[in-house]
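Trainee: As a plain string of letters, each chain reads:
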Amino acid sequence: MSDSEFTDLLKPHYDDAVNYCRALCSGSSKAEAEDVMQQSLLKAFENFDVLRDKGSFKSWFFQIITRSFYNSVRKPFWSRFVSLNSEEGKVAFQVFEDELFEDNQMLIAALSRISKKERAAILLFEIGGFPIEEITRIQNEKSESTVKSRLSRTRKKLKEFMVMLETENVRMQGFASQRSTNDLYHETSEIIKEIKSIG
Amino acid sequence: MKPLKSSKKLNPLGENMNLPDAFNQLKNTKHDSSFENLGEWLGQNTSKPKKMKSLYKIAASLTLTALIFIACSIPVQQEEEIGYMIKGYIETEITVDLRTQLADAAAVKLTQLNANTVLHEEEQEIEIVDQAENNFTQSMAEIVLILPDADINLANEKKNSMAAKFDFHSIEVLPIEETVERPFYEAALHNLDIKVGKELSEEQVVERINTFLHENSSSNGRAKISLDEQGNRFVEIAVDLSGDNHQVKRTVERLYNELVPNHAKEMRDNMTKEELMELKQKEIDKAKAKKAQLKEN
Chain A
1 MSDSEFTDLL
11 KPHYDDAVNY
21 CRALCSGSSK
31 AEAEDVMQQS
41 LLKAFENFDV
51 LRDKGSFKSW
61 FFQIITRSFY
71 NSVRKPFWSR
81 FVSLNSEEGK
91 VAFQVFEDEL
101 FEDNQMLIAA
111 LSRISKKERA
121 AILLFEIGGF
131 PIEEITRIQN
141 EKSESTVKSR
151 LSRTRKKLKE
161 FMVMLETENV
171 RMQGFASQRS
181 TNDLYHETSE
191 IIKEIKSIG
Chain B
1001 MKPLKSSKKL
1011 NPLGENMNLP
1021 DAFNQLKNTK
1031 HDSSFENLGE
1041 WLGQNTSKPK
1051 KMKSLYKIAA
1061 SLTLTALIFI
1071 ACSIPVQQEE
1081 EIGYMIKGYI
1091 ETEITVDLRT
1101 QLADAAAVKL
1111 TQLNANTVLH
1121 EEEQEIEIVD
1131 QAENNFTQSM
1141 AEIVLILPDA
1151 DINLANEKKN
1161 SMAAKFDFHS
1171 IEVLPIEETV
1181 ERPFYEAALH
1191 NLDIKVGKEL
1201 SEEQVVERIN
1211 TFLHENSSSN
1221 GRAKISLDEQ
1231 GNRFVEIAVD
1241 LSGDNHQVKR
1251 TVERLYNELV
1261 PNHAKEMRDN
1271 MTKEELMELK
1281 QKEIDKAKAK
1291 KAQLKEN
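Order-wise, the sequence lines are chains A and B.
Note that this note's numbering has the first sequence beginning at 1, numbered continuously upward.
Note that this note's numbering has the second sequence beginning at 1001, numbered continuously upward.
Wrong hints could be hidden among the right ones.
DSSO-like, lysine-lysine: derived pairs with alpha carbons at most 30 Å apart [unchecked claim]:
| hint | chain 1 | residue 1 | chain 2 | residue 2 |
| --- | --- | --- | --- | --- |
| 1 | B | 1030 | A | 54 |
| 2 | A | 58 | A | 11 |
| 3 | B | 1053 | B | 1030 |
| 4 | B | 1273 | A | 117 |
To be clear, the hints were calculated from the coordinates, so they are not data collected in a lab.
Note that the structure is a prediction, hence the values are computed from the model and not measured.
Work the whole structure out from these sequences, hints included.
Mentor: Okay, structure coming up:
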């Protein structure tokens, strides 16, 4: 195996893999997501010889990402803060850009509220584009119906969360616009009244 | 995936809350810039060993095989038991009847049993000044039986049979060992009781038995290996009247023990005082060493 063979096979799936990994790590910091992605890349590269059927590279690589993510969730609390930083003299490698998914904050926030298995299932389906059968294999499930019901449940949950988040957002925006009267004294007294009424 | 029809209905605000659209937006994010560095980064961070060229692989395999072969062929020395000698002392005169009874007890042929009269000296402290007159020597029959095939159980059985029938002053089973040189792998297999390669020749075994016999007993006979009716090997000890090299090489000290009492006296009379003192000192040292060893045990 040559290094270029690995990158050649990875190239068509690279964007999907990175987006999958980042969305999978919703609710985690960017550094943690970076660790998961880097570990997956290294693991895949080191074990590339083991993969006999190069045609199944995509599902194999996504499975590695999924397992690395599960392991990162399970790993001890303190070790989550230790990331694979580039050493001096080595090439700096940053997978995620700072403003990644800025336009999709609502979905990311909703994804962070569901369980890791549900998250992996919906992302494998939506971003990875895998069929139910493949997702069943990647998630080590016994039957496809488990995955099907998981997907259905997850979609419902996501929608509910997104509606809830959007409602809250609109309410906060309305609340903020109502109060912006430039009269500090009046605004403060209004807030105090509201707090008292709640209390 | 088909777009969810209900997704917009669930959204009370009716804005951009379509789930598939949100996922599509997520999916279409590009990461070309990070992919450019990936190859180099992988090369620097991976611990994967580089593949060996096939030529080096063949050379390494050949070298390894040669090393293993050489290591297995290195000769090593191994102690091998080729038989056992039963040696005992009885406080009696040697008679044909005694030999016959002993041979019957041990279930061996008469020729296998070797008997010699020896002077056994009692262990006691003797002053060197009165060395010649204060010896307490006793005439004893030394019985020697050699079993050529290494079987400790058989040797012990024969020893016990003889000990049960006669009142032995002492009787013991001595292993006859021979140092053999074998390749390492043969020695290892031999330890596992798998016999490979050449065993000790008949001549080597006879030579070793004779050496052992002359070193550990007062017999001056020659051992000879014969086969019985069943094809089992046994050792006959033929008395060598002409005298052999071993006898010639014996020290004065050993001769002293082997001579008959009258001859011994004559011998002692002919020795100088210094020779006798030296001889006696040796005897005392030997006795002391034996006593110390017994105490240690």
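Trainee: Run the distance test for residue 1053(B) versus residue 1030(B): straight-line Cα separation, threshold 30 Å.
Mentor: Roughly 39 Å between the alpha carbons, so the hint for residue 1053(B) and residue 1030(B) is violated.
Trainee: Hinted pair, alpha-carbon criterion (30 Å max): residue 1273(B), residue 117(A). Please report holds or violated.
Mentor: violated, 107 Å
Trainee: Hint check: residue 58(A) vs residue 11(A), CA-CA at most 30 Å. Holds or violated?
Mentor: The given pair, whose Cα atoms are some 10 Å apart, holds under the 30 Å limit.
Trainee: For the pair supplied as a hint, residue 1030(B) and residue 54(A), confirm whether the alpha-carbon distance does not exceed 30 Å.
Mentor: holds, 24 Å
Violation of the numbered hints given earlier is confined to hints 3, 4; the remaining hints are satisfied by the structure.
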